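Undergrad: The lines below spell out each chain.
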Amino acid sequence: MTIFLVLLLGIVAGILVGLLGIGGGIVLVPAMVHILHMDQHLAQGTSLFILLPPIGLGALRQYWKAGNVDLRAGILCAVGMILGAYIGGKIAVPMSTQLLKGLFGGFLMFSAVLLWMKARPSQPAAASAVAREGSRA
Amino acid sequence: MSRQMFVDAGVLLAGLTGGIASGMFGIGGGVILVPILGLLLGFSQHRAQGTSLVALIPPTGLLAVIAYAKSDYVSWQTGLLLIPGVFLGGIAGGNLAKRIPGARMRRIFASLMFLLGIWQVFSALRG
Chain H
1 MTIFLVLLLG IVAGILVGLL GIGGGIVLVP AMVHILHMDQ HLAQGTSLFI
51 LLPPIGLGAL RQYWKAGNVD LRAGILCAVG MILGAYIGGK IAVPMSTQLL
101 KGLFGGFLMF SAVLLWMKAR PSQPAAASAV AREGSRA
Chain L
1 MSRQMFVDAG VLLAGLTGGI ASGMFGIGGG VILVPILGLL LGFSQHRAQG
51 TSLVALIPPT GLLAVIAYAK SDYVSWQTGL LLIPGVFLGG IAGGNLAKRI
101 PGARMRRIFA SLMFLLGIWQ VFSALRG
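Protein chains in written order, with this note's numbering: chain H, 1 to 137; chain L, 1 to 127.
Think of the hints as simulated: they come from the structure by calculation, not from any bench.
Do not take every clue at face value.
[As the list claims (entries may be wrong)] What follows is a list of derived Cβ distance ranges for each label pair:
| hint | chain 1 | residue 1 | chain 2 | residue 2 | range |
| --- | --- | --- | --- | --- | --- |
| 1 | H | L8 | L | K98 | 19 to 29 angstroms |
| 2 | L | I91 | H | I35 | 44 to 54 angstroms |
| 3 | L | A9 | H | L5 | 24 to 34 angstroms |
| 4 | H | W64 | L | M5 | 23 to 33 angstroms |
| 5 | H | F110 | L | P58 | 20 to 30 angstroms |
| 6 | H | T97 | L | I66 | 18 to 28 angstroms |
[Unchecked claim] Computed from the model, here is a short list of chain L residues facing chain H with C-beta under 7 angstroms:
| hint | residue |
| --- | --- |
| 7 | M5 |
| 8 | G10 |
| 9 | V11 |
| 10 | V31 |
| 11 | Q120 |
| 12 | V121 |
Please read these numbers as outputs of a predicted model, since none were measured by experiment.
Using N, Cα and C, we set each Cβ at its ideal position, and we do this for glycine too.
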């Protein structure tokens, strides 16, 4: 039964990822904590594991075709992220579950504000190929 | 210092910041990278999103996973069971997104996320 729940949860989380263009972790971590009743640390570690395969490859292809990829900046970002993720992991692992849960809650609220702001319909004049495609559809 | 070097340094710092959030909160980091690239470094929204996707292709969280795994904070079985669903659901969601007004969906979800965040903070303070 639990296996089916977990499989279903993955599909629902995936749909939200594709639908909203947001990362899987921000959906997966709260889902694992509140629905599967996993410990905050365990949910975060498991989420990081899920995110290891290049699940964004299909999406990247769409952006690449529209010329909306800065490869140099992307690679530099990745280099920074490898180091940053190591530092972040070192900070979070020894933290108390209590504190981590609270910080994650604050982070969720912060991300919610960012997500809300992105929803603004105004598209700047520098409309890209993807935007033009979207307005035509 | 040339403008390119300035941008490169900014991008590297953006990656570092996104990475710290990724390791600390078990997330991908795109939610941090896209606004930094867009709002602070002047990338257009689409270019910021496309560039953030490049940064998320390599397994940047590997060192963080190792750090969590050392303390037994990784449920391999749950993770493996979730991967196929997230992958297939992502394709379904991407197709669904073409038919549903995205802006309103985002706002509904952002509100839910905000409430969930408040709940998390309260449960942490109470527990």
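Undergrad: Each hint should be assessed against the structure and marked as holding or not.
TA: Verification of the supplied hints:
1. H:L8 with L:K98: 19 to 29 angstroms: holds, 23 angstroms
2. L:I91 with H:I35: 44 to 54 angstroms: For I35 of chain H against I91 of chain L, whose Cβ atoms are near 22 angstroms apart, the range 44 to 54 angstroms is violated.
3. L:A9 with H:L5: 24 to 34 angstroms: Since the Cβ atoms of A9 of chain L and L5 of chain H sit about 46 angstroms apart, the hinted range of 24 to 34 angstroms is violated.
4. H:W64 with L:M5: 23 to 33 angstroms: holds, 26 angstroms
5. H:F110 with L:P58: 20 to 30 angstroms: The hinted range 20 to 30 angstroms holds for F110 of chain H and P58 of chain L, with Cβ atoms some 25 angstroms apart.
6. H:T97 with L:I66: 18 to 28 angstroms: holds, 20 angstroms
7. M5: violated, 11 angstroms
8. G10: violated, 9 angstroms
9. V11: Given a least distance of 4 angstroms, the restraint on V11 of chain L holds.
10. V31: Where the cut-off is 7 angstroms and the nearest Cβ of chain H is about 5 angstroms from V31 of chain L, the hint holds.
11. Q120: holds, 3 angstroms
12. V121: holds, 4 angstroms
Consistency with the previously given hints fails for numbers 2, 3, 7 and 8, ordered from lowest to highest.
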